[in-house]
Every structure is written in C-alpha cells, then in structure tokens.
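Could you put the whole structure together from the sequences, leaning on the hints where they help?
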Amino acid sequence: AQKVTQAQTEISVVEKEDVTLDCVYETRDTTYYLFWYKQPPSGELVFLIRRNSFDEQNEISGRYSWNFQKSTSSFNFTITASQVVDSAVYFCALSEGAGANSKLTFGKGITLSVRP
Amino acid sequence: SAVISQKPSRDICQRGTSLTIQCQVDSQVTMMFWYRQQPGQSLTLIATANQGSEATYESGFVIDKFPISRPNLTFSTLTVSNMSPEDSSIYLCSVDQGQFFGPGTRLTVL
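Protein chains in written order, with this note's numbering: chain S, 1 to 116; chain F, 117 to 226.
Hints are computed from structural coordinates only; laboratory data are not their basis. Some hints here could point you the wrong way.
Computed far set for chain S versus chain F, every beta-carbon distance over 10 Å [said to hold, decoys possible]: (1) Ser53; (2) Ile60; (3) Pro116.
Now the in silico label distances, taken between C-beta atoms and shown as ranges [claimed, not checked]: (4) F:Thr224 to S:Ser71: 36 to 46 Å; (5) F:Gly156 to S:Val14: 22 to 32 Å; (6) F:Thr172 to S:Val85: 34 to 44 Å; (7) F:Thr224 to S:Ile11: 25 to 35 Å; (8) F:Gly156 to S:Gly97: 27 to 37 Å; (9) F:Asn188 to S:Ser71: 42 to 52 Å; (10) F:Gln130 to S:Thr111: 30 to 40 Å; (11) F:Glu202 to S:Gln57: 41 to 51 Å.
Ideal placement from N, C-alpha and C gives every residue a C-beta, glycine not left out.
Structure, rendered in structure tokens:
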C-alpha cells in the first residue's frame, strides 16, 4: 500500500527565512508521480509540481525548489526567502501508477506560518 | 489543461437531508475523482468515476451514502445522502492525475 508521511505538522518562520518541508513516501510501484500542493486559507488546492519517478533532477521555480531523492524515498520542498503570502497548508501526494487515471494518496499536510 | 467548476461552492444543510454536488470539466476526461477533506484533515479519495460504468469506491465509502453519476465525459455528480454533522467537509473533484482540482464545495451540516 502507498503511504505519504509529512512528519512536520506545523512550522513557523519569520519572513525572509528559508524553510524546507519534508515528504517521505512508500510505494511498491516502479513508476509513480509525486506532487506538492498549496492550500491557502481560502481553501482551494493549488497545484505546485508533479515529478515522475524516473526524473531525479532537482527543480527550481522562482523561490520554490524541490529535491527528489529516490534513495531515501523523499521529495522535499524548499521555499527561499519566505513571504507572508506563503502561509498555507502544504500537501505532498503520491500517485498509484503513472497514468492520467491514477488516484492520489495525500500526506497529512504541513501548516506553514510566515510571520512579518 | 483543464478548468473545473463545482456547484454549489458552499452550502449549509440540515441533518438527514441530501445534497448533490456537480463537477463540470471544460474538456473530455476518462476518469473523474471525488475527494473529501474533513476539517483540519488531509484529502481522502471517496471514489473514482468512469463514464459508462459504476463508480469505484474506496474503503470506508459506500454507494448508498455517496452515490455518483457520470453521464458523460465532462460531468459528474456526487450526492451526500442522509447527512450528519460528520459529513461537514470540503468535497473536491479532480481530473488528470491530480494536476487539476475543482475549487471545492464547502458543506456544513447542522
């Protein structure tokens, strides 16, 4: 069975600090996808990234970066120079298989608070 | 890409009643997924809806409680039946392996 563990439940930082959100996953599939989502207080789920299991290159998008390490089954997310608008709940998720019809298993989420 | 809309965006319902949530996608998709997010919790898959066949339910969810319709490739409904306060949640539909989620339906049951 698939499992996603986000051991951190709440993180509080001061604006401009860097913060890393951890995600560890378990799966028996050899082909899978990993995701990160942001859920601001308004409640909508914002897709941030999808990474397939064969692509271990790190990804950077503006202040966001992702570190995928298959050896440790981790897919960590770093926000550089955090801002108050980054305050949200962040979810890591894992797909079962790799097709468009695959369902997702979510972690419990990490509540990030960025203080001015 | 896909744009997903849901109706209603929120509702407050009385115990024992039913509510039908609609999910509309702007393109044809094979599978649609329905998720529930209870207050302060993560998302849990309710069922997968394939056009032309019965939905497939996850453990802990049954068709009598959450009947789903999938009449065509762009539309699905989820009904929450005989509601209780424990059904108070955000209900979201999704397509394309999680890359696209609807805005959610925030349900409160009194």
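Now the hints, each set against the structure:
1. Under the 10 Å C-beta cut-off, the non-interface status given to Ser53 (chain S) relative to chain F holds; the minimum distance is some 13 Å.
2. At the 10 Å boundary, the C-beta of Ile60 (chain S) stays outside the reach of chain F, the nearest C-beta of that chain being 20 Å off.
3. Its beta-carbon lying about 25 Å from the closest one in chain F, Pro116 (chain S) satisfies the requirement of being farther than 10 Å from that chain.
4. For the hinted restraint 36 to 46 Å between Thr224 (chain F) and Ser71 (chain S), the CB-CB distance of approximately 45 Å keeps it satisfied.
5. Between Gly156 (chain F) and Val14 (chain S), the C-beta spacing of about 25 Å keeps the proposed range 22 to 32 Å intact.
6. Against the hinted window of 34 to 44 Å, the Cβ-Cβ separation of Thr172 (chain F) and Val85 (chain S) comes to about 38 Å, which satisfies the hint.
7. Checked against the hint of 25 to 35 Å, the pair Thr224 (chain F) and Ile11 (chain S) passes, with Cβ atoms roughly 29 Å apart.
8. Distance hint for Gly156 (chain F) and Gly97 (chain S): a CB-CB separation of about 29 Å, consistent with the stated range 27 to 37 Å.
9. At about 45 Å, the beta-carbon gap between Asn188 (chain F) and Ser71 (chain S) stays in the expected band of 42 to 52 Å.
10. Evaluation of the 30 to 40 Å hint for Gln130 (chain F) and Thr111 (chain S) yields a pass: the beta carbon distance comes to about 31 Å.
11. At about 43 Å, the CB distance of Glu202 (chain F) to Gln57 (chain S) agrees with the hint of 41 to 51 Å.
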